[in-house]
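**Q** In this note's numbering, the protein residues as written are 4 to 83.
For the record, the hints were derived by calculation from the structure and aren't laboratory data. The reader is advised that the hints may include incorrect statements.
Per label pair, the in silico range of CB-to-CB distance [to be verified]:
| hint | residue 1 | residue 2 | range |
| --- | --- | --- | --- |
| 1 | 19 | 53 | 27 to 35 angstroms |
| 2 | 28 | 62 | 13 to 21 angstroms |
| 3 | 54 | 19 | 27 to 35 angstroms |
| 4 | 62 | 34 | 12 to 20 angstroms |
| 5 | 25 | 51 | 16 to 24 angstroms |
| 6 | 60 | 26 | 29 to 37 angstroms |
Note that the Cβ used here is the ideal one computed from N, Cα and C, for glycine as well.
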Amino acid sequence: MEREDWESAQTCAQCGTSVAPGSGRGFEFGTGNLLCWNCAMERGGRYDAERDTWTVSPDVADLPDEAYGAAPHEVQRRRD
C-alpha cells in the first residue's frame with residue numbers, strides 16, 4: 004500500500020482493520036463508515052463480483068452512524 008493510501012485509509016467499524024480507499028474490499032454505509040470484507044460477509048452481506056455490487060447488504064443496524072449519532076445500544080447504555 005502506498006503512503007498516501009495509508010494516510011487516507013478507512014477503518015472498519017467493527018474490527019478496526021485499515022482498508023485502502025477504492026480497494027473495493029469493503030462495504031460503505033452511513034456518512035463515512037465502512038466494514039471490511041470479512042466483517043461485511045460475517046454480517047450477512049453478499050457480493051456479486053460479476054456485477055461488482057453488494058446484492059445483499061450486511062446488517063449494520065447495531066453500528067453507529069455519524070449522521071444519526073450513537074447506535075441504539077450505546078444510547079441505552081448511557082441511560083442506565
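**Q** Cβ-Cβ distance between residue 19 and residue 53: within 27 to 35 angstroms?
**A** holds (31 angstroms)
**Q** Within 12 to 20 angstroms or not, the Cβ separation of residue 62 and residue 34?
**A** Given range 12 to 20 angstroms: holds, Cβ gap about 18 angstroms.
**Q** Does the hinted range 16 to 24 angstroms hold for residue 25 and residue 51 at CB?
**A** holds (19 angstroms)
**Q** I want to verify a distance hint. Is the separation of the beta carbons of residue 60 and residue 26 within 29 to 37 angstroms?
**A** violated (18 angstroms)
**Q** State, for the Cβ atoms of residue 28 and residue 62, whether the hinted interval 13 to 21 angstroms holds or is violated.
**A** holds (19 angstroms)
**Q** Is the distance from the Cβ of residue 54 to the Cβ of residue 19 consistent with 27 to 35 angstroms?
**A** Given about 29 angstroms between the Cβ atoms, the range holds.
Consistency with the previously given hints fails for number 6 only.
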